[in-house]
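On the provided structure of chain A, position chain B as indicated by the hints.
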Amino acid sequence: MDVETVKERAGPREFSPKDDLPEEYRKAATRMIQFHANSEIMGAYLERPFIRQAPSLDRKLAFSAKVQDEIGHGQLLYRAAESLGIKSREEMLDELANGEGKFLNCFHYPMESWAEVPMIAFFVDGAAMRRQATLKRTSWEPYAHAMDKVCFEEGFHVKHGEDVMRELATGSKKEQQMLQDAFEQWWPRIIQFFGPTDDQSTHHDFSADVGLKTMTNDELRNAFLNAYVPKAQKYGLEIPDEPRIRDNGDGTYEVVEDDLDWEEFFTIAKNDAPGSHEQIGKRSRTQEAVEWVRSGLESWEHGEDTTAPQAAD
Amino acid sequence: MIWEVFRQEDAGEYHTHCGNVHAPDREMAKLFAQIQHGRRKPTNSLWVVPKDEIGEVDAEEAAFGGTTDKSYRWVMGYKDLDAAFAEEVAESESEQEDADRASAGGDD
Numbered sequence: 000m001d002v003e004t005v006k007e008r009a010g011p012r013e014f015s016p017k018d019d020l021p022e023e024y025r026k027a028a029t030r031m032i033q034f035h036a037n038s039e040i041m042g043a044y045l046e047r048p049f050i051r052q053a054p055s056l057d058r059k060l061a062f063s064a065k066v067q068d069e070i071g072h073g074q075l076l077y078r079a080a081e082s083l084g085i086k087s088r089e090e091m092l093d094e095l096a097n098g099e100g101k102f103l104n105c106f107h108y109p110m111e112s113w114a115e116v117p118m119i120a121f122f123v124d125g126a127a128m129r130r131q132a133t134l135k136r137t138s139w140e141p142y143a144h145a146m147d148k149v150c151f152e153e154g155f156h157v158k159h160g161e162d163v164m165r166e167l168a169t170g171s172k173k174e175q176q177m178l179q180d181a182f183e184q185w186w187p188r189i190i191q192f193f194g195p196t197d198d199q200s201t202h203h204d205f206s207a208d209v210g211l212k213t214m215t216n217d218e219l220r221n222a223f224l225n226a227y228v229p230k231a232q233k234y235g236l237e238i239p240d241e242p243r244i245r246d247n248g249d250g251t252y253e254v255v256e257d258d259l260d261w262e263e264f265f266t267i268a269k270n271d272a273p274g275s276h277e278q279i280g281k282r283s284r285t286q287e288a289v290e291w292v293r294s295g296l297e298s299w300e301h302g303e304d305t306t307a308p309q310a311a312d
Numbered sequence: 000m001i002w003e004v005f006r007q008e009d010a011g012e013y014h015t016h017c018g019n020v021h022a023p024d025r026e027m028a029k030l031f032a033q034i035q036h037g038r039r040k041p042t043n044s045l046w047v048v049p050k051d052e053i054g055e056v057d058a059e060e061a062a063f064g065g066t067t068d069k070s071y072r073w074v075m076g077y078k079d080l081d082a083a084f085a086e087e088v089a090e091s092e093s094e095q096e097d098a099d100r101a102s103a104g105g106d107d
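Sequences listed follow chains A and B, in order.
Residue numbers in the first sequence follow numbering that gives the first Met the number 0, run continuously in steps of one, and reach 312 at the last position.
Residue numbers in the second sequence follow numbering that gives the first Met the number 0, run continuously in steps of one, and reach 107 at the last position.
Next comes chain A alone, as it looks inside the complex (with noise of 0.2 Å):
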C-alpha cells in the first residue's frame, strides 16, 4: 500500500498486522506507541516511592494497584507497537534506559511530597485518559485494542486521585496550603502536557492525515480544560493567573503560549532536563537490576541449559 492510498483509507482500527503498510505509516505510528508506551513506564517510576509514603493502608494498596496497572499498560503497548515491524519490544526498551526513548513532559519533574501525587494521579491521569479515550479511534488496530484494556483501567486511576486530592482538599489548613502550592508548580506543566499549539506542532500533519490521531493538541487541550478547571474549582484551588488562559465562552480557551516555559519544554523534549537524568538514572538501575530476571525468561523460553523448573506436561 502506498502513502495516499493509506491516506484514503485512514479511519478508525482500519489496519493491521495483515496490511502492507509503507515505512512512512509504520515509523510514524512506532514513534507515537513508543512514546506512549515509554510514558506509562515512566509515571508508574514517579509514583513508585509514594507506594511506601502513602499515608493510609488503603492508600497504599490502591497506589500500589494503580502503579501495577500502568506497567502492565506499557507492555500492552509495546506489544502494539513491536506489531509494526520497525523496532522489537527490547530495543524499545533499551533506549528508554539509554536516554533515547521519550516520554511525557509531566514525568521528567521529580516529585517530592504526597501532596503533588494527585497532581498525577488525578490531572495528569485525567489529561492521558482524555486523550487515550480518542485513540480508540485510531488507525492501528492493535493501538486501539490496547486502548480499550487502558481506558477499562483508568477510570479507577483518575477517581482515585481524585479521593486522595478530595481528602488534601478538605483536610487541616496545612494540607490545604500543600495541596494549592502544588497545583501552582504543576498547572503549567500540565497545560503543556499537550503539547505547543497546533500551528507549532511539527507531527500532527501526517499522523492525522492516516488516521493515527484523531484529535489535535489543542481540541484536546480545550477538551481538557472543559473537565478538569470545574473540578480544580470546586475543591476551592485557585488556577494561577499565569499562563493566562481566556475562555471564549463556546467550549474553547486561549492559553497565552508567551506565558509557557518553551525551552524548558524543549530541553525536556531532548531528554536533557536535570529530571530527565535523574528519572532515566532511575529506570536504568532497575533495568539492570532485574537482567537476570529477563535473561532466565529468555532461556527458559527457548529451552536452554537452565537452572529455571521444567514446565510440566
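Honestly, the hints are just simulated from the structure, not real lab data.
Check each hint, because a few of them may be wrong.
Unchecked claim - When the alpha-carbon atoms are kept at most 35 Å apart in a straight line, the in silico DSBU-like pairs for lysine-lysine are as follows: (1) B:K78 <-> A:K230; (2) B:K69 <-> A:K230; (3) A:K173 <-> B:K69; (4) A:K281 <-> B:K29; (5) A:K59 <-> B:K69; (6) B:K50 <-> A:K17; (7) A:K148 <-> B:K29; (8) A:K233 <-> B:K78; (9) B:K78 <-> A:K59; (10) A:K135 <-> B:K40; (11) A:K148 <-> B:K50; (12) A:K172 <-> B:K78; (13) B:K78 <-> A:K6; (14) A:K17 <-> B:K40; (15) A:K17 <-> B:K78; (16) B:K29 <-> A:K17; (17) B:K78 <-> A:K173; (18) A:K148 <-> B:K78; (19) A:K172 <-> B:K69; (20) B:K69 <-> A:K233; (21) B:K78 <-> A:K135.
As the list claims (entries may be wrong) - On the chain A side, residues computed to face chain B include the following (Cβ under 8 Å): (22) D57; (23) A61; (24) G125; (25) M128; (26) A132; (27) G154; (28) K158; (29) E183; (30) W186; (31) A226; (32) K230; (33) Y234.
Backbone N, C-alpha and C fix where the C-beta goes; we use that ideal spot for every residue, glycine too.
Just chain B now, with coordinates in the frame of chain A:
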C-alpha cells in the same frame, strides 16, 4: 472427542462458555454446536475448542491474588465521587460495572 463451546450473543461481546459437544472433527463440532447451543439463545457466533487444548490452573495450585478485598481496584469503590464530569471516566465506570455484574453470576 470433546469440544468445548463458547457462545457470543452479539457482535463485540465476549464469547462465554456454554457447554460442550462430542464430535470427531472441527467441522462436525461446529455443526453440533450450532444445533445444541446456537438455537435456544440469541447467538452471533460460536467457538469450538478441543478440550485437550484448554490449559487450566485452579485455586488449588494458585493463590489468584488471595482473598484480600480489592474494592480499591474498582471505580465502584469510589462511589461518592461523580464520574460524569468526563465521559471517558464515566465509560470506564460503566464498563467496570458490567464486568463486575458478569462475574457476579452472569445471565446464563
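Each hint, compared with the structure:
1. B:K78 <-> A:K230: This hinted pair holds, its Cα atoms lying about 17 Å apart.
2. B:K69 <-> A:K230: The given pair, whose Cα atoms are some 27 Å apart, holds under the 35 Å limit.
3. A:K173 <-> B:K69: holds, 31 Å
4. A:K281 <-> B:K29: It is violated: about 53 Å lies between the C-alpha atoms, which goes past 35 Å.
5. A:K59 <-> B:K69: Holds, because 12 Å separates the two Cα atoms, which is no more than 35 Å.
6. B:K50 <-> A:K17: holds, 29 Å
7. A:K148 <-> B:K29: Since the Cα atoms of A:K148 and B:K29 sit roughly 30 Å apart, the hinted pair holds (cutoff 35 Å).
8. A:K233 <-> B:K78: Holds, because 17 Å separates the two Cα atoms, which is no more than 35 Å.
9. B:K78 <-> A:K59: It holds: about 19 Å lies between the C-alpha atoms, which stays within 35 Å.
10. A:K135 <-> B:K40: Judged against 35 Å, a Cα distance of about 30 Å means the pair holds.
11. A:K148 <-> B:K50: Distance ~28 Å between A:K148 and B:K50 Cα, so the pair holds.
12. A:K172 <-> B:K78: OK: A:K172 and B:K78 at ~26 Å, within 35 Å.
13. B:K78 <-> A:K6: Violated. B:K78 to A:K6 sits at ~44 Å, over the 35 Å cutoff.
14. A:K17 <-> B:K40: holds, 33 Å
15. A:K17 <-> B:K78: violated, 43 Å
16. B:K29 <-> A:K17: holds, 26 Å
17. B:K78 <-> A:K173: Holds - the C-alpha atoms of A:K173 and B:K78 are around 27 Å apart, at most 35 Å.
18. A:K148 <-> B:K78: holds, 21 Å
19. A:K172 <-> B:K69: The hint holds at about 32 Å.
20. B:K69 <-> A:K233: Answer holds: B:K69 to A:K233 is near 29 Å, not above 35 Å.
21. B:K78 <-> A:K135: holds, 26 Å
22. D57: Since chain B brings a Cβ to about 6 Å from A:D57, closer than 8 Å, the hint holds.
23. A61: Check passed: Cβ of A:A61 comes within 4 Å of chain B, closer than 8 Å.
24. G125: Since chain B brings a Cβ to about 7 Å from A:G125, closer than 8 Å, the hint holds.
25. M128: holds, 5 Å
26. A132: holds, 4 Å
27. G154: Where the cut-off is 8 Å and the nearest Cβ of chain B is about 3 Å from A:G154, the hint holds.
28. K158: Where the cut-off is 8 Å and the nearest Cβ of chain B is about 4 Å from A:K158, the hint holds.
29. E183: violated, 22 Å
30. W186: Constraint on A:W186 not satisfied, violated at 18 Å.
31. A226: Holds - the Cβ of A:A226 comes within 8 Å of chain B, reaching about 4 Å at its closest.
32. K230: This hint holds: A:K230 lies near chain B, its Cβ roughly 6 Å from the closest one there, short of 8 Å.
33. Y234: violated, 11 Å
Comparing the model with each earlier hint shows violations of hints 4, 13, 15, 29, 30 and 33; every other hint is respected.
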